[in-house]
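Participant: Read off the chains here:
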Amino acid sequence: MAPIIKTEKITHVYSTGTVFEQAALTGVDFQAERGEYVGIIGHTGSGKSTFIQTLNGLIKPTSGTVFFDGTDIRQSKARTREVRFKVGLVFQYPEYQLFEETVFKDIAFGPKNMGLPENEVSERVREAASFVGLGAGELEKSPFELSGGQRRRAAIAGVIAMRPQVLIADEPTAGLDPSGSAEIIANIGAYRRSAGATVVIVTHNMDEIARNADRVAVFDRGRIIIDASPAQTFARGEELTAMGLGLPSAAMIAARLRERGLRLPDGIITAEGLRAALREFKKGAGGGNA
Amino acid sequence: MLRDVTIGQYFPGGTPIHRLDPRTKLVWTVIFITALFMARGALSYALMLCVLAGCVFASRVSARALMGSIKPMLIIICITAILNVFFTRGEVIARLWVISVTREGLISAAYMASRLVMLISGTFLLTYTTSPIALTDGIESLLGPLKKIRLPVHELAMMMSIALRFIPTLIEETDKIMSAQKARGADFETGGLIKRAKALLPILIPLFISAFRRADELAVAMESRCYHGGEGRTRMKKLRMTSRDCAALALGAALPALIVVTNMLSGA
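Residue numbers (our numbering), protein chains in the order written: chain A, 28 to 317; chain B, 104 to 371.
Isolated chain B (complex conformation) (with noise of 0.2 Å):
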């Protein structure tokens, strides 16, 4: 149930992805997400889903994780999907009394959705395969120039890092809590909206106290151990690029203009 909730989950493993900086990560999926964005036309797409195809491979991630993490979203993709059908003019197809469907816009429609799932792949694959630490380490240090002008980095990366910790602990406390409210015959699954909102008292209120007393327990528990901050403070395990990632951020370099050319052929 609540236990299967995979946002932000990290899956162990020793893959030579698992083994790249989180910098080297985070850049090669933004440089993805740019290059998605740039696609256009058959072969470009089919280009990006061997890219993924290949990291999702390359990762030994589950087919069944990345599609648990696409069946939250799918409400939107269809969404978005439907409204691409019925709204791009062109040559018509089909006609419903006002409402006619395009030939181009089932192309449109066909390629959003795939864009919209590579996105959502390719994101998840960052998080499924670097642990929350690496990957606000990661940040904390691409974010490192904005302290010139005094954006507190180390803050926010620590925030960040604190709050990703914290979503399977709270899962697991709502989970429990809702399993004791249960065995007292809480009923969460019928009812109108405003009985089952109601229901949700008894595990929010439970919740909201834990969340804060945790909160509490761990400022004491930082603060007993000295920390103040980001100032001076040095690091056991230091971020350091190797040559692999040095050929993986090449690599990530010519996506987009191998993009370009895709384009140019398949717009040809």
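The following block holds chain A by itself, in its conformation from the complex (with noise of 0.2 Å):
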């Protein structure tokens, strides 16, 4: 099957001409699956940014193409308008855009520049609200009167009330505390089995693409330099530690495991798979003290 959204040879340079010229994307192809989950890392100022930017139609490329569904996203204004809806962007920090009285009108607010009527609106305010926990008493809130994980939530919401077939998400834990963080992950993948989505993550936490993501894609100095499985992306750690990225807790746990000369296999990324080893490693050792 084609791929649901597609780059080719993507290149974005920043204030052209002035002494702030500064390539932010050089050549960079991807391409995500339907209702693969696609993890993106790369250090601050690597592109991830500029590049989620640029699947949605925000930020038009230099120069190269994004395909989404096979056509171009540029070929026409109307096109680029419907991809913005089939294509959700949750930006950093989403919690600061919110605007509206109630946190309701607030994630309408996508479905009623879609020009839904008011049924079908309404019918997917609540639809988004549950994905992300939100009860009937938060919906007739003020988005200020919520706490800061329900805040980021509703945010989420009023992009997945748009019903994206990509739903593309910067870095949407940051500053969360670790349940806030758990809860929007899972919230997210909810609804990425209910609707069989793509997503997209931008992240620091290699935990949470270990354990959820099909593929890892990283981003240095404007380019991918690897696109493969979590577990062999975390297989190159000194090239990622070289690049100021770290690895898994499990994966260092068993890198130093292994320094120790305990022989576990490759590719350990999860506490699970961690586990696993180290119970496997046991009764090969006798059911000794390992």
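These are calculated hints, taken from the structure and not from any lab test.
Don't be surprised by glycine CBs; every beta carbon is placed ideally from N, CA and C.
Treat the hints loosely; a few may be bogus.
[Stated by the list, open to error] As a list, the in silico DSSO-like pairs of lysine-lysine whose alpha-carbon atoms are at most 30 Å apart:
id: 1; chain 1: B; residue 1: Lys301; chain 2: A; residue 2: Lys33
id: 2; chain 1: B; residue 1: Lys301; chain 2: A; residue 2: Lys139
id: 3; chain 1: A; residue 1: Lys113; chain 2: B; residue 2: Lys298
id: 4; chain 1: B; residue 1: Lys298; chain 2: A; residue 2: Lys168
id: 5; chain 1: B; residue 1: Lys174; chain 2: A; residue 2: Lys104
[Said to hold, decoys possible] A few chain A residues facing chain B, derived, Cβ under 10 Å:
id: 6; residue: Phe94
id: 7; residue: Arg111
id: 8; residue: Val114
id: 9; residue: Gln119
id: 10; residue: Leu125
id: 11; residue: Thr129
id: 12; residue: Pro138
id: 13; residue: Met141
id: 14; residue: Phe171
id: 15; residue: Ser174
id: 16; residue: Ala182
id: 17; residue: Val186
id: 18; residue: Arg190
id: 19; residue: Phe308
Using the hints, put the two chains back together into the complex; each one sits in its own frame.
Facilitator: Quick look at the structure:
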């Protein structure tokens, strides 16, 4: 099947012709299949944020083409606008963009812009709110009465309410406590399963990627330099560390244990994987104290 | 888009113009503007243009950036020029119904337009080559004597530097909020006046909220570092006039005198 979203040789240069001229992206080829969960990592300034904004046409790349469902998203103005609704983009700290009097109205902003009838809008708002665990009580409140985590979830619901086929989120868990982060990731996962949507998440949380992602794209200086499964990606630990990126904690523990002489298999990136490998090792050692 | 706004922007560099004391540059700008309004006749204008071109060349500010600063003022310049063309009495060279174009009108329009262009370029050259912090330090130092009449000079300078400091931040923030609302299908480009004004609300409300939040955070950060106004405050980087500044100021003082001379020459 054709990829739902695909880029061909995307290059983007900021502030062309001034002293601030800077290439954010240089020849990026990327694609994502329907229903796929792709993690994007890379240190600050590696071009990730610029890249995801080219995917729904917010940033027009200096050169290169973005395809959604096989056609150029810049074919016509109508096409670009249509793609905005099909490729939902959640920005960093999205709670700062809430502006309506009630959470309900804010979530309804996207569906209303799509020109949907009133009853369809409210159906979508309720559906989106339930994905992120906001009840009817919260919907009638002002966004500013909510807690930080709830506000973030309300903002994400505002994008989910458009029922995008691709949901992109830029560090959706930044600045939240572990339980708040886990909830957001679970909310996004629930939407993905129910809608069969593609999810693209920019994050610094390697554990999260190891657990959820089907594939990882590593950005460095405006290029994708690794595009592989999490296990394959994190197997290149030294390269990642050299770029200032971390490894999932399970992978780090496994590496330290290997240094101490434990013969563990490759590709351990999650806590579950590590536990299984250690059990296996214990059996192999004849039930001794490993 | 918004990123390309150049008002109040500073282009870092190490040219002689960049390294001048901000007070020298401020005084020079005032002198330049005064001289610009004193100038009469082609010779004086040519001299002013040479001075400006020399400064631009020495500061290595790109012509493109300078043109960018003139662009937003273009309408005002055009209106001024057109009014001058039609409302100056003199020798009529073309007549359109009740409107007549005079030779004097055309000449004064040309002078007026070039004066405005030079005025804008000159002042922008100041902000392009002087960091906002240096600029407000310079203003505070120049206005220092006014402290005697109880003018809160330090506070005014501090307010100005904070305002300047937050221009890029707020522009960036506006850009981000606009993108986020556009991602939800907000449309700022079509529709009538009322629809467009309404479309601004999703940008303005979050922007105001974040501006207040930032102001609050900044106030807390300043107070937690014991900021209590200008009294008894010392500086890490003291402004110091060098021989280069003295030379520049001497040249500056000579400019109006030169203009008087060239005015007389072209008047003769």
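Participant: State for each hint whether it applies.
Facilitator: How the hints compare with the structure:
Of the pairs offered as hints, the one joining Lys301(B) and Lys33(A) is violated, with about 35 Å between alpha carbons and a cut-off of 30 Å exceeded. For the given pair, Lys301(B) sits about 14 Å from Lys139(A) by alpha-carbon distance, which is consistent with the 30 Å threshold. Of the supplied pair hints, the one linking Lys113(A) and Lys298(B) holds, its CA atoms being roughly 24 Å apart against a limit of 30 Å. Between the alpha carbons of Lys298(B) and Lys168(A) the distance comes to roughly 26 Å, so the proposed pair stays at or under 30 Å and holds.
Taking the CA atoms of Lys174(B) and Lys104(A), the gap is about 27 Å. The hint holds against a cut of 30 Å. The beta carbon of Phe94(A) comes no nearer than 19 Å to any beta carbon in chain B, farther than 10 Å, and the hint placing it at the interface is violated. Annotation: interface hint on Arg111(A) holds; nearest CB of chain B at approximately 6 Å, less than 10 Å. Checking Val114(A) against chain B by beta carbon gives a least distance of about 9 Å; that is within 10 Å, so the hint holds.
The criterion of a C-beta within 10 Å of any C-beta in chain B is met by Gln119(A), whose closest approach is roughly 8 Å, and the hint holds. For Leu125(A), the shortest C-beta to C-beta distance to chain B is roughly 7 Å, which falls under 10 Å, so the interface hint holds. The closest approach between the C-beta of Thr129(A) and any C-beta of chain B is roughly 13 Å, which is over the 10 Å cut-off, so the hint fails. The criterion of a C-beta within 10 Å of any C-beta in chain B is met by Pro138(A), whose closest approach is roughly 9 Å, and the hint holds.
Interface restraint check for Met141(A): the shortest CB-CB distance to chain B comes to about 6 Å, inside 10 Å, so the restraint holds. Hint on Phe171(A) holds. Least Cβ distance to chain B is approximately 8 Å, under the 10 Å limit. Because the beta carbon of Ser174(A) sits about 16 Å from the nearest beta carbon in chain B, more than 10 Å, this interface hint is broken. At its closest, the beta carbon of Ala182(A) sits 9 Å from a beta carbon of chain B; the interface hint therefore holds under the 10 Å criterion.
The criterion of a C-beta within 10 Å of any C-beta in chain B is met by Val186(A), whose closest approach is roughly 7 Å, and the hint holds. At its closest, the beta carbon of Arg190(A) sits 12 Å from a beta carbon of chain B; the interface hint therefore is violated under the 10 Å criterion. The interface hint given for Phe308(A) is broken, as the beta carbon of that residue sits about 48 Å from the closest beta carbon of chain B, more than 10 Å.
When each numbered hint is compared with the structure, violations occur for hints 1, 6, 11, 15, 18 and 19.
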